[in-house]
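Taken in sequence, the protein lines are chains A and B. Heads up, the first sequence is in the numbering used here, so the first residue is 1 and it goes up one at a time. Heads up, the second sequence is in the numbering used here, so the first residue is 1 and it goes up one at a time.
To give an idea of the interface, some chain B residues facing chain A are shown, with a C-beta separation under 7 angstroms as derived from the structure:
(1) W161
(2) D190
(3) G210
(4) A212
(5) A216
(6) E219
(7) Y220
(8) I221
(9) A439
(10) K442
Think of the hints as simulated: they come from the structure by calculation, not from any bench. Nothing here was measured: the structure is a model prediction, and the numbers come from that model. For glycine and all other residues, C-beta sits at the position ideal for the given N, C-alpha and C.
Here is how the chains run, residue by residue.
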Amino acid sequence: MAELSGKYLVGVYDDDDTVLHAVPKLRKAGVKIKEVYSPFPIHGLDEALGHPRTRIGIAAFMFGVTGCCCVLTLMIWTMGFDWPMIIGGKDPISIPNYIPITFEGTVLFTAFGMVITFFISNGLGPGTHFHPRFDVRATDNKFVMAIEMSRNSMSEEEIARALKDSGAEEVNIKQF
Amino acid sequence: MHVTSPVREPLIQGGKTYADVTEDICRHVEATPTKEWKIAFGLSLIVLAYGSACLAWTWWEGLGVWGLNKTVGWAWDITNFVWWVGIGHAGTLISAILLLFRQKWRTSINRAAEAMTIFAVICAASFILMHMGRPWMAYWALPLPNAFGSLWVNFNSPLVWDVFAISTYFSVSLVFWYIGLIPDLATIRDRATSKVSKFMYGTFAMGWDGSAKTWARYEYISLILAGLSTPLVLSVHTIVSMDFATSVIPGWHTTIFPPYFVAGAIFSGFAMVQNLMLITRVVYKLEDYITLEHIETMNKVITLTGSVVGVAYITEFFIAWYGGVEYEYYAFFNRMTGPYWWAYWAMMTCNVISPQLFWSRKLRRNITFTFFISVVVNIGMWFERFVIIVTSLHRDYVPSSWSMFSPTRYDIGDYIFSFGLFFTLFLLFSKYLPVVNMAEVKAVLRSTSAQLPAKIAGVAKVRQRGTAEPVYNKDQE
Numbered sequence: 001m002a003e004l005s006g007k008y009l010v011g012v013y014d015d016d017d018t019v020l021h022a023v024p025k026l027r028k029a030g031v032k033i034k035e036v037y038s039p040f041p042i043h044g045l046d047e048a049l050g051h052p053r054t055r056i057g058i059a060a061f062m063f064g065v066t067g068c069c070c071v072l073t074l075m076i077w078t079m080g081f082d083w084p085m086i087i088g089g090k091d092p093i094s095i096p097n098y099i100p101i102t103f104e105g106t107v108l109f110t111a112f113g114m115v116i117t118f119f120i121s122n123g124l125g126p127g128t129h130f131h132p133r134f135d136v137r138a139t140d141n142k143f144v145m146a147i148e149m150s151r152n153s154m155s156e157e158e159i160a161r162a163l164k165d166s167g168a169e170e171v172n173i174k175q176f
Numbered sequence: 001m002h003v004t005s006p007v008r009e010p011l012i013q014g015g016k017t018y019a020d021v022t023e024d025i026c027r028h029v030e031a032t033p034t035k036e037w038k039i040a041f042g043l044s045l046i047v048l049a050y051g052s053a054c055l056a057w058t059w060w061e062g063l064g065v066w067g068l069n070k071t072v073g074w075a076w077d078i079t080n081f082v083w084w085v086g087i088g089h090a091g092t093l094i095s096a097i098l099l100l101f102r103q104k105w106r107t108s109i110n111r112a113a114e115a116m117t118i119f120a121v122i123c124a125a126s127f128i129l130m131h132m133g134r135p136w137m138a139y140w141a142l143p144l145p146n147a148f149g150s151l152w153v154n155f156n157s158p159l160v161w162d163v164f165a166i167s168t169y170f171s172v173s174l175v176f177w178y179i180g181l182i183p184d185l186a187t188i189r190d191r192a193t194s195k196v197s198k199f200m201y202g203t204f205a206m207g208w209d210g211s212a213k214t215w216a217r218y219e220y221i222s223l224i225l226a227g228l229s230t231p232l233v234l235s236v237h238t239i240v241s242m243d244f245a246t247s248v249i250p251g252w253h254t255t256i257f258p259p260y261f262v263a264g265a266i267f268s269g270f271a272m273v274q275n276l277m278l279i280t281r282v283v284y285k286l287e288d289y290i291t292l293e294h295i296e297t298m299n300k301v302i303t304l305t306g307s308v309v310g311v312a313y314i315t316e317f318f319i320a321w322y323g324g325v326e327y328e329y330y331a332f333f334n335r336m337t338g339p340y341w342w343a344y345w346a347m348m349t350c351n352v353i354s355p356q357l358f359w360s361r362k363l364r365r366n367i368t369f370t371f372f373i374s375v376v377v378n379i380g381m382w383f384e385r386f387v388i389i390v391t392s393l394h395r396d397y398v399p400s401s402w403s404m405f406s407p408t409r410y411d412i413g414d415y416i417f418s419f420g421l422f423f424t425l426f427l428l429f430s431k432y433l434p435v436v437n438m439a440e441v442k443a444v445l446r447s448t449s450a451q452l453p454a455k456i457a458g459v460a461k462v463r464q465r466g467t468a469e470p471v472y473n474k475d476q477e
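Based on the provided sequences and hints, a complete structural model is requested.
This is how it looks when you write it as structure tokens:
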């Protein structure tokens, strides 16, 4: 994850509904929100923040196709070309017998490829920062909204008031 | 807007807040091990040590120390393997299939059930290694070039399919479980006071910060992983059943095996989840999270799958008679009335009759009774595999080859090994990792808890605050 710098206003909410309703209100008022941190997923929050829909599904599909092709190629090459053998009176290349392993290989590649993509795209990995940077309670019971001051034209007081009006129970300043 | 029927009992009781959930679950992770835990852990280590000694002798001396003979070449080893793999099916069923079906009650038990799955699959895999006799040759099961000492593996063989199925199942379950753990590890990391635990949990939490973007992706990949795991879990026991069904042994060579094995796997897996959860909820005081409602729902699944298994037994028997194949007929008739009649009737009693008692609501909600039946079901399912494997083998086509199987102390010792391994791993898990998925429980808390009585979901709350109807549907799922 990119290193943070500059000054942030941090709004702390105590309720998932409140923060969900606060986001469109604040955005309407012209506040540019960097991100909202929560202890559990809030449905619709990423859309409300205007995040684009994740494309990780496309990546997963590609990994699946790769897995399917790799495994099928391995079986057809070993059984049919590298060392052909007739087993049980069947053709050296008998596709129906390959279906179970093709399926398993597809699942394996999809799952691992997708999860690795997930880690990379979110910047997750061992050795990354050991603390949430805005409020430590974001993994417990608080919903934390971060607003980067340098990206906003509104004054600090205005944003702080807007945060309070939208239901934030605390507004803190965080300097990196 | 989300509307929860007020008729339903809340999933999480005791009016918990988000902070309460964190506190209730993290308490056990952060506290020093209790005396009971130490005793239980010590006992399972002793069991593991005894089992390991037996296993070491098995490998040192060779498979001759088992009770196998020329006719019965598979007995306890494969029985135990199938039994453990079967148990390992419930975790993925709970976390994947119930996720696809949007069954919110899964959130309280999915973590522990998945852990159980992973440990059960490890135990199952240990029997595969054991029955190879020469475990250092285990890599021969992998598709390696001929220079490694053998030809390519035979991809037409269900035993090779099994290698791929079990290893894929194990690794995908492990990934699914770990992805679910990351947010909770982050919670523990942020509460940790000691340097060591901060470092350990921090490393495994991988810098999780709970941003909306990460959560959106997390939910998306959870859904895809669930979608992948659902056919995967069904394929695993299907392929295990094909180890038998594709052979020409009377009693094994039946097309009914795949669905019958899958139902049996879910049946025994849920029974094992019941056993573990009933103990965990008392020891860790999780009665508000794993409620009678959860226990009753799992008992319903046990009754359903138990009935499927019962129907499969009867169908199998009917076809053996109606099919008119005399070998097939003899195999089944011999199961019922032959020298292993007691194993057959133990299986029938435990698997077909006992789960039917759960038609009574009173018994379904009785904790002691549930625990008892779950143990009975697991005994029954062990006998099912024993009956299928040993009774089908012990009567060969040539009567002079007929023989009996009786286990030696090493058969028993190696089975004990798997129990030692399972309970050691489960105890370590239940001490050092959160046994309930905190993030998922928090997500269902609002819509299901008794916390706000007037709240038929957020509607009442929004009105209270006087804000307009929200633009975004929260609980559209």
